[in-house]
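**Student:** What follows is the residue order along each chain.
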Amino acid sequence: MSDHGGDDDHGHGDKPWVFFAVDCFFLITQFFVITFKVKSDELALPQRLPPGGTSPGKSSALDTKKKLSVHVSRVNGVANYEFMSKSVNLQGLNDMLAGSVGGGQEYQVRVSYAADVPFGDVLAVFNSCAKVKIAECGLIPLRGNN
Amino acid sequence: MSKKKGMKKPEETKVEVDMIPLIDIIVLVLMFLIIVGDTAAAANAIQMKLPRADQAFSDKELKEKNVRLEGRIVIQMANKEGKYMAVINNKSYELVAGGSHKGLLDYLDEQVQWQLGKGLAKKDSVGALDIPVKLRLPEEAPMRDVERVVMTCARVGLVNVQYAAEMHFKK
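In order, the protein sequences belong to chains S and B.
To get the working numbering, take the position in the first sequence, counting from 1, and add 2.
To get the working numbering, take the position in the second sequence, counting from 1, and add 915.
The following label-pair restraints were derived from C-beta to C-beta distances: (1) Val951/B - Trp19/S: 24 to 30 Å; (2) Ile142/S - Asp974/B: 27 to 33 Å; (3) Trp1029/B - Lys69/S: 31 to 37 Å; (4) Gln962/B - Cys26/S: 27 to 33 Å; (5) Ala116/S - Met946/B: 48 to 54 Å; (6) Lys17/S - Asp974/B: 50 to 56 Å; (7) Asp1039/B - Met86/S: 29 to 35 Å; (8) Ile36/S - Gly1013/B: 45 to 51 Å; (9) Ser102/S - Glu1081/B: 25 to 31 Å; (10) Glu1081/B - Lys17/S: 50 to 56 Å.
List of simulated lysine-lysine pairs, DSS-like, C-alpha gap at most 27 Å: (11) Lys135/S - Lys88/S; (12) Lys975/B - Lys133/S; (13) Lys68/S - Lys135/S; (14) Lys135/S - Lys1049/B; (15) Lys975/B - Lys1049/B; (16) Lys980/B - Lys133/S.
Since the hints were derived computationally from the structure, they do not count as laboratory data.
These numbers come from a predicted model, not from an experiment.
The beta carbon of each residue, even a glycine, is placed where N, CA and C say it ideally should be.
Chain B on its own, in the form it takes in the complex (with noise of 0.2 Å):
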């Protein structure tokens, strides 16, 4: 044996790539990515059991049947402790009777006004607006609170109401 003194041999380093963690670590990123992104998208959405109906139809079809879905304003119902609450876009709003809640009739004329001013929207002669209202009610929700979320929207002059409902076998 012979060593050569204060030389080193360099050494050949082989440059391998592991494929299996990189599809690993690929395949978890984009998993993570589609979970977060859908999450993100249904964030709005409170969970809630619609009722049937098997007139309804899919956004798609309401607008090959020119149903307006432009500037649509979403309202659903939440129970929070025992009662019905509104909820636009994440705020929740006291349901009053005759439909008059300040807080929630302030915010809908806010929506109308601005897309009125925009040119977005138009009222006819007997003051109804053309801007659809796609109420999420839940199927067991009691009339005497729905009822309330109604004539709120009627009280504002939006007429256009797309009640929400799950998918059912059309016959």
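Extracted from the complex, chain S is given alone in its bound form (with noise of 0.2 Å):
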């Protein structure tokens, strides 16, 4: 009796260098398969700097929309909003636009900040802004900023 380790006609009895390709292959597909990542598309919030850019002087001359102000800071290692002399969330600055914004395109957000703020919680306010359709939002620079 023959001992029939593989079919020879149909396996790879013959040629074993097969089997360690196959295993090569799959063990580089599960590595790919891992590290893997879907690239998810990066998105964007469309702004537009007041005419004049950011000086307040050089630009009051030349629009006449209202202005709000909002003032960023850090309370605690929280986000603090200050606007209409209160102070509030994140949440509240919402509700206080949505409450006190009637039509958003006759607005125009100044947005002042302590340093050592982090951009994301002012571009919170930009994006509160955008909630209400106030398209132009800019900032007031820091003094002396070095």
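Assemble the dimeric complex from its two separately framed chains, guided by the hints.
**Tutor:** So this is what it looks like as structure tokens:
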């Protein structure tokens, strides 16, 4: 009786390297499958800087929109927003903007901030403005920003 | 046993193509091309944690809203040795107070003049340009550095900014 270690016609008993090739193929495939990351589409929040840039003195003569001021700071590691003489959190700011702004096109927002406030906190203001259709948001630069 | 001297029967060679190694090689080559192609495309994008904004849109959605994307200049901020710098097309520029770094201003001005010269951009009565600028700014970057980037754009007349944001579930 012949020992059929493998079927020579349909298998590769006479070519043992094929098994190693297939093993390598699967190992490499597993590596790429495990490390594969779906690239997510990056989003963008469109905004328009007020005419004249961020300098309030330069721009005041150039536009007639009503100006709203928001000051961003950090209190105990949490973002704090001062708007219309009130200190609120982000949700509070959203509610106040929704309540006080009728037509967004008539308004322009100027954002001031403490130097070490992270950008994410200020972008949240731009995002809130976008919700109420305010398209122009400018920054009030820090004095003596060195 | 008889051996015929001087005569050798030609062997019949059967050509068989082993498919499995062929498939291995083709798949490996394809994977290589996919990985390298994707890596090359993403080479310019600096890895950073972008802020979240639920009012942000993808480029496709921005196009549908008639927001200009052609000729867009992408400015990124990178933290190099504890200092934030502006990066445009893999070239770094220092961030200077008042947005007055000459190299960065000159570069942006050059881009603006080129687009104006080719008729690809327009300037309105107050000097504002319609060239879009995409600002890829990390979420944790301090505002003292971020404002320098924004002021630089404003100085050159680039007022149509698009702040890059991370995907956020829209309410």
